[in-house]
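Work out the full structure, taking the sequences as your base and the hints as a guide.
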Amino acid sequence: MTDQNLASTPLKSLMEELGGKMVPFAGYSMPVQFAAGVRKEHIWTRENCGLFDVSHMGQARLRGDDPAKALETIVPGNMQGLAANMQRYTVLLNDDGGIIDDLMVSRPDDDGLMLVVNAACKDKDYQRITTALAGIAELEPINDRALIAVQGPKTAEIFAKFMPAACDMVFMQCGHFTLFGHDVIVSRSGYTGEDGFEISLPSAHAEEIVREILADQRVKPIGLGARDSLRLEVGLCLSGHDFTEDHTPISAGLAWAVPKIRRERKNFPGATRMLQELTAEPEDIRVGICPDGKAPAREGTEIFKDGIRVGQVTSGGFGPTFGGPVSMGYVRADLANIGSKVDLLIRGKNYPATITKMPFVAQNYYRGKGA
Amino acid sequence: MADLYFTEEHEWLSVESDTARVGITSYAAEQLGDIVFVELPDIGKQVQAGGEVAVVESVKSASELFAPITGEIIAANTELEDAPETVNEDPTGKGWFFEIKVSDKSELDKLMDKAAYDAFVAEL
Numbered sequence: 000m001t002d003q004n005l006a007s008t009p010l011k012s013l014m015e016e017l018g019g020k021m022v023p024f025a026g027y028s029m030p031v032q033f034a035a036g037v038r039k040e041h042i043w044t045r046e047n048c049g050l051f052d053v054s055h056m057g058q059a060r061l062r063g064d065d066p067a068k069a070l071e072t073i074v075p076g077n078m079q080g081l082a083a084n085m086q087r088y089t090v091l092l093n094d095d096g097g098i099i100d101d102l103m104v105s106r107p108d109d110d111g112l113m114l115v116v117n118a119a120c121k122d123k124d125y126q127r128i129t130t131a132l133a134g135i136a137e138l139e140p141i142n143d144r145a146l147i148a149v150q151g152p153k154t155a156e157i158f159a160k161f162m163p164a165a166c167d168m169v170f171m172q173c174g175h176f177t178l179f180g181h182d183v184i185v186s187r188s189g190y191t192g193e194d195g196f197e198i199s200l201p202s203a204h205a206e207e208i209v210r211e212i213l214a215d216q217r218v219k220p221i222g223l224g225a226r227d228s229l230r231l232e233v234g235l236c237l238s239g240h241d242f243t244e245d246h247t248p249i250s251a252g253l254a255w256a257v258p259k260i261r262r263e264r265k266n267f268p269g270a271t272r273m274l275q276e277l278t279a280e281p282e283d284i285r286v287g288i289c290p291d292g293k294a295p296a297r298e299g300t301e302i303f304k305d306g307i308r309v310g311q312v313t314s315g316g317f318g319p320t321f322g323g324p325v326s327m328g329y330v331r332a333d334l335a336n337i338g339s340k341v342d343l344l345i346r347g348k349n350y351p352a353t354i355t356k357m358p359f360v361a362q363n364y365y366r367g368k369g370a
Numbered sequence: 000m001a002d003l004y005f006t007e008e009h010e011w012l013s014v015e016s017d018t019a020r021v022g023i024t025s026y027a028a029e030q031l032g033d034i035v036f037v038e039l040p041d042i043g044k045q046v047q048a049g050g051e052v053a054v055v056e057s058v059k060s061a062s063e064l065f066a067p068i069t070g071e072i073i074a075a076n077t078e079l080e081d082a083p084e085t086v087n088e089d090p091t092g093k094g095w096f097f098e099i100k101v102s103d104k105s106e107l108d109k110l111m112d113k114a115a116y117d118a119f120v121a122e123l
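First to last, the protein sequences are chains A and B.
Taking numbering that gives the first Met the number 0, the leading residue of the first sequence gets 0, the next gets one more, and so forth.
Taking numbering that gives the first Met the number 0, the leading residue of the second sequence gets 0, the next gets one more, and so forth.
Keep in mind the hints are simulated off the structure, nothing from the lab.
Fair warning: there could be bad hints in the mix.
[Stated by the list, open to error] Each computed EDC-like pair below joins lysine to aspartate or glutamate, with the alpha-carbon atoms no more than 16 Å apart: (1) A/Lys39 / B/Glu29; (2) A/Lys39 / B/Glu88; (3) A/Lys368 / A/Glu156; (4) A/Lys293 / B/Asp81; (5) A/Lys293 / B/Glu84; (6) A/Lys293 / B/Glu80; (7) A/Lys293 / B/Glu78; (8) A/Lys219 / A/Glu16; (9) A/Lys20 / B/Glu29; (10) A/Lys348 / B/Glu63.
[Stated by the list, open to error] Negatives, chain A to chain B, calculated, CB over 12 Å: (11) Thr72; (12) Tyr88; (13) Gly180; (14) Ser238; (15) Thr243; (16) Ile260; (17) Ala270; (18) Ile337.
In this text, a Cβ means the ideal position worked out from N, Cα and C, and glycines have one as well.
Shown next, in the form of structure tokens:
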């Protein structure tokens, strides 16, 4: 196997030095795990603080006379309502309302909007945004910044030493801060269900900053393996798996990402179709699925009811904190209610399973003192 | 004393008279990572050398275990069903998977001894 065609993040050599087992992911050489292994890394993040190199994700600026208004032509979120120093989750739509990718949009300063998109979809997303917004907004990929996520219940007490002002933010707030002498863009968010930050760092200083953070023994580097099990347990979607362009945000179980103001204005791709789906019910819908036994049901597992195929698992595995197998996938809408029983076809055998409310493990975001 | 054999699929066989106890090597257990699920064969099942016989799943992935030798399954380590992590803790002892009544002991000649297996792993 050759790594010659793989891109490197600014933190790749540090990740290797820390014992990261490097694998190709979305065209990058990324650590899938460290010596501790996926299960221990997962539990460490839920109990302490895990540090993830997510520099492979796409960071970009969207500028123009009114970049929020422009972006609303291809996303269903309320971008014009995005206040200064706030971040929001939304989805990028094709002309039919199918989901190309999900992304974070924020306003950390006066320089237009900041976007963070998935690594595997970067080129496709940039193409879509550049083409659709030609003449009204300009996309500029940021190529000189690394991105890390620090996640877990001890993150805030650790960062109170490094970056105290950032710890006053609540979930989904963002802004510029100084970290070990460098200007960084921080949001109080992440993709593990835990409290924490995503920090955009100047690439040239990324390694030195991460070494300073890791000097605190409560912080450990965590690989992509645990990132996947952490996000699965809290019911968060993996782009290109848990939704594709065949799904609108409604059938993907992301109706909350299509707010009332946009439903009223109906001015985004696929609006008519989505409003119909909201009243009629889509054909299939994304749900949480708990196998009744111990066998994990992974991506691609077919779902049956009384011998008839009714859906498919799109993400699944073992949830280390949950303590058992968990999956998500699509089932026929009439079987999507919580408690509904289905069969999972694993290696030619039927295994009973139950449609379950997500998240499987409670999310632990910081929404302010006493909240 | 039992004779030890190894396969290129990273299984070990401990053979006493015509019974082979089978498990995975420490190398395999380490490569798989934290094992969370084991599916064992039914007692009485006839297996062919190279045929799928059991499943081992780690947090990361599912892998098949192949029968290293032809014969009949005469025992399965059902304790692994409740404690699959035993495979990581003691892969060559308490973490054994199943026992086969060996049909043709000449098949053992195709397998590796410990020295050959150690050399095989060192090349990986």
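Hint check results:
1. A/Lys39 / B/Glu29: Cα-Cα ~14 Å, so holds.
2. A/Lys39 / B/Glu88: Holds, at about 14 Å.
3. A/Lys368 / A/Glu156: Holds: A/Lys368 and A/Glu156 sit about 14 Å apart, inside 16 Å.
4. A/Lys293 / B/Asp81: The given pair, whose Cα atoms are some 9 Å apart, holds under the 16 Å limit.
5. A/Lys293 / B/Glu84: holds, 13 Å
6. A/Lys293 / B/Glu80: holds, 8 Å
7. A/Lys293 / B/Glu78: At roughly 14 Å apart (the allowed maximum being 16 Å), B/Glu78 and A/Lys293 satisfy the hint.
8. A/Lys219 / A/Glu16: holds, 13 Å
9. A/Lys20 / B/Glu29: Roughly 13 Å separates the two Cα atoms, so the pair holds.
10. A/Lys348 / B/Glu63: holds, 15 Å
11. Thr72: Non-interface label on A/Thr72 holds, nearest chain B Cβ at 40 Å vs cutoff 12 Å.
12. Tyr88: It holds; A/Tyr88 is separated from chain B by about 26 Å at its closest Cβ, greater than 12 Å.
13. Gly180: Since the minimum Cβ distance to chain B is about 38 Å, A/Gly180 lies beyond 12 Å and the statement holds.
14. Ser238: holds, 20 Å
15. Thr243: holds, 22 Å
16. Ile260: holds, 42 Å
17. Ala270: Since the minimum Cβ distance to chain B is about 40 Å, A/Ala270 lies beyond 12 Å and the statement holds.
18. Ile337: At roughly 25 Å from the nearest Cβ of chain B, A/Ile337 sits farther out than 12 Å, so the non-interface label holds.
The structure shown violates none of the earlier numbered hints.
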